[in-house]
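Novice: Chains as they are written, first to last, in my numbering: chain A, 1456 to 1778; chain B, -13 to 305.
It should be emphasised that the hints constitute simulated quantities derived from the structure, not laboratory data.
Glycine included, every Cβ here is placed at the ideal spot set by N, Cα and C.
Mixed in with the good hints there might be a few duds.
Some chain A residues well away from chain B (every beta-carbon gap over 12 angstroms; in silico) [stated by the list, open to error]:
id: 1; residue: D1487
id: 2; residue: P1496
id: 3; residue: V1497
id: 4; residue: D1526
id: 5; residue: R1527
id: 6; residue: D1545
id: 7; residue: W1601
id: 8; residue: G1618
id: 9; residue: E1667
id: 10; residue: Y1717
id: 11; residue: L1720
id: 12; residue: V1758
id: 13; residue: G1761
Derived Cβ-Cβ restraints for the label pairs, each shown as a range [stated by the list, open to error]:
id: 14; chain 1: A; residue 1: Y1670; chain 2: B; residue 2: F203; range: 35 to 41 angstroms
id: 15; chain 1: B; residue 1: R35; chain 2: A; residue 2: R1513; range: 56 to 62 angstroms
id: 16; chain 1: B; residue 1: A58; chain 2: A; residue 2: W1601; range: 29 to 35 angstroms
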Amino acid sequence: MRRAGWVLLALVALAAAGAPWLAPNPPDVRFDDLLYAPPTPVRVLDGGLRAPFVRPLRVVSRVERRFEEADRRVPLRWLTGGTLVTAAPDDGAPLLVLGADGYGRDIFSRLLYGARTTIGLALLATVLASLAGALVGGAAGYAGGWLDGVLSRLSELVLVLPGVYVALALRAVLPLVLPAPVIFAVLLGIFALLGWPIVARGVRAIVLAERERDYVLAARAAGAGPVRLLAVHLLPAAGGHVAAQATLLLPAFILAEATLSYVGLGFPATTPTWGTMLQDAANVALLGDAPWTLVPAVAIFVVVLGVNLAVQGSGRAPVQLDR
Amino acid sequence: MARFLARRLLFACVLVLAVSSAALLLTRLAPGDVTAQLGAFAPREEVERTRARFGLDEGPLAQWGGWLARAARLDFGDSFLYNRPVGPLVLRAAGNTAMLGLTALALATLAGVPLGIFTGSRRGGTLPGLVRAVSLACLSLPPLLTSLAFVFVAARTGWLPAGGMTTPGAADAGWGAWVADVAWHMPLPALALALPVAATLERLQAQSMGEVAGEPFLLAAAARGLSRRRLVLRHAWPVAVRPVCAVYGLVIGALLSGSFIVEYVTAWPGLGRLMYEALVARDIYLVAACAATGGSLLAVGTFVGDVLLVAADPRVREV
Chain A
1456 MRRAGWVLLA LVALAAAGAP WLAPNPPDVR FDDLLYAPPT PVRVLDGGLR APFVRPLRVV
1516 SRVERRFEEA DRRVPLRWLT GGTLVTAAPD DGAPLLVLGA DGYGRDIFSR LLYGARTTIG
1576 LALLATVLAS LAGALVGGAA GYAGGWLDGV LSRLSELVLV LPGVYVALAL RAVLPLVLPA
1636 PVIFAVLLGI FALLGWPIVA RGVRAIVLAE RERDYVLAAR AAGAGPVRLL AVHLLPAAGG
1696 HVAAQATLLL PAFILAEATL SYVGLGFPAT TPTWGTMLQD AANVALLGDA PWTLVPAVAI
1756 FVVVLGVNLA VQGSGRAPVQ LDR
Chain B
-13 MARFLARRLL FACVLVLAVS SAALLLTRLA PGDVTAQLGA FAPREEVERT RARFGLDEGP
47 LAQWGGWLAR AARLDFGDSF LYNRPVGPLV LRAAGNTAML GLTALALATL AGVPLGIFTG
107 SRRGGTLPGL VRAVSLACLS LPPLLTSLAF VFVAARTGWL PAGGMTTPGA ADAGWGAWVA
167 DVAWHMPLPA LALALPVAAT LERLQAQSMG EVAGEPFLLA AAARGLSRRR LVLRHAWPVA
227 VRPVCAVYGL VIGALLSGSF IVEYVTAWPG LGRLMYEALV ARDIYLVAAC AATGGSLLAV
287 GTFVGDVLLV AADPRVREV
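Throw the hints in and build the complete structure from the sequences for me.
Specialist: Below, the structure written as structure tokens:
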């Protein structure tokens, strides 16, 4: 089970890293005739076995979103133009592995590029929150006294608030329209702000317990200052805890990005992320006919499941309350 | 124990005050204000009048002070979006959210705890394994995903309404028809909200049942020849339920968090949706009132969680 989790995560990471090579079409090219087009079937049979080919789609009714396959074979082109496989996007026969969205863009390509933004943001935020949490928790546990009191109350306050609402409020009070790189930085900051106390609380407790141990006293007697004590002796003792909390933060951040972008407070709709892609699924009238717009939700599920399986039995509580 | 609960009550009051004040000040300091809703060509006098009505002509701190003074007399200001006092608006939305949250909590408890007892009191077997696997999958299905999936199924099959809390016009048919209509719209969002929580409770209950199973007092009870049913339900479970009670405070927070996206996806007219609208429109008093009400719901939830904790584990009473 644990291995299955790691395999899932590795596959997702590879797909994200190899996005430019794996994506059959550029993520922002619109095929204007193929709005909400279904996934392109790849065929090998046409009066005998052939090399894999697709048939161009022709729109029959724009209103009903009905399409018809033309009676023409377009063979798949492998390893051309820097992509693994593609069809003939210029010839009206793009390879849409997972269908097209409401603007006629390739969902599979957007999913791959979106993984880079969504997972990249979540990973960075996790690292940032873990670092901040370890530093604050370490300082609070080591120093004690009023500093500990202030930092502990502060982290308790952040912990008790429902994270979604705080993220929503912090994001909403900034200008509503911002360019994508600014949004990336803003969300990174908000996520780190919400995530650090989860790490800090445990680190503080561990540092508090460890600092009276003999090995720490010995290091202090040998003349180690507070910085060296924390960096070399105390924080490494809390490493396992930080890692365990990070596995909680990563899925929560992926979800937070998706939630904020879904409600229109995250990345601009032109930037492919898993959250902005889900906006297409918000149209209930179309959702029933175009289930492929839910693909990003499946991707989120796969990543969260991967993390949950990978950390199974590693001492992490099974409690997954995304706060 | 009284001291423990009193401290929690005080914390709750501070929480509500801090959250609503922060919301008010944040909205006030945000770029843009509610007059943007009037449009770019609104006459100057109207803009001035609106600014005065929503206290935007005062300094932020003066506005905060005035709001606090009026809030103490239960006057929470007007909403621009709805053009009426925020109190009734927010209370109604909070009622809808609470209704959804409580239904989800009941569903999650009724499904999660018995299933947890079932899987936790058995070593192997196909059925417990199946429940465990489903539960693990559901843990990875946060409310955003479940609500989208359920809305998709509803849109595809028409088994349940895909959104909203009532059918327009249903309330005209009387009180009973309204209840039936809400009950018809309830299963989808409530299930979407309850599923991950049910999985959490199931895993937690199963884990604690497994831990209790090794205790000597159970061995002694088994040696007395008690039936398996009695052993599990009367002897093991009362001890194993403690970690589950302890997590209820967290669960209520998670339900409140999760209800935002469920309300948004399924168009449930609750507090989350209202707060979102208010935030985007910079409807300042509505934001503050939503934050205060959300904070109160959270405080009540954590308070109930604490009471449960005290009831379940006598050791807390000594704190």
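Novice: All the hints need checking, so say for each whether the structure fits it.
Specialist: These are the hints, each one checked on the structure:
Interface exclusion of A:D1487 from chain B stands, the closest Cβ pair being 26 angstroms apart, more than 12 angstroms. With a least beta-carbon separation of about 21 angstroms from chain B, A:P1496 lies farther than 12 angstroms from that chain, consistent with its non-interface assignment. Residue placement check: A:V1497 keeps its beta carbon more than 12 angstroms from all beta carbons of chain B (closest about 25 angstroms). At roughly 31 angstroms, the least C-beta separation between A:D1526 and chain B is larger than 12 angstroms, which holds for a residue marked as non-interface.
Listed as outside the interface, A:R1527 is consistent with that label: its C-beta sits roughly 32 angstroms from the nearest C-beta of chain B, beyond the 12 angstroms cut-off. Taking the minimum C-beta to C-beta distance to chain B, about 33 angstroms, the non-interface status of A:D1545 holds against the 12 angstroms cut. With a least beta-carbon separation of about 19 angstroms from chain B, A:W1601 lies farther than 12 angstroms from that chain, consistent with its non-interface assignment. Interface exclusion of A:G1618 from chain B breaks down, the closest Cβ pair being 6 angstroms apart, not more than 12 angstroms.
The beta carbon of A:E1667 sits about 23 angstroms from the closest Cβ of chain B, which is more than 12 angstroms, so the claim that it is off the interface holds. The claim that A:Y1717 is not at the interface with chain B is violated, since a C-beta of that chain comes within 12 angstroms of its own (minimum 7 angstroms). Chain B draws A:L1720 into its interface by the beta-carbon criterion, the shortest separation being 8 angstroms against a cut-off of 12 angstroms. The beta carbon of A:V1758 sits about 9 angstroms from the closest Cβ of chain B, which is not more than 12 angstroms, so the claim that it is off the interface is violated.
The claim that A:G1761 lies off the interface is violated: its Cβ sits roughly 8 angstroms from the closest Cβ of chain B, which falls inside the 12 angstroms cut-off. As the Cβ distance of A:Y1670 to B:F203 is approximately 39 angstroms, the hint placing it in 35 to 41 angstroms holds. Between B:R35 and A:R1513, the C-beta spacing of about 58 angstroms keeps the proposed range 56 to 62 angstroms intact. Between B:A58 and A:W1601 the CB atoms are about 32 angstroms apart, so this pair conforms to the stated range of 29 to 35 angstroms.
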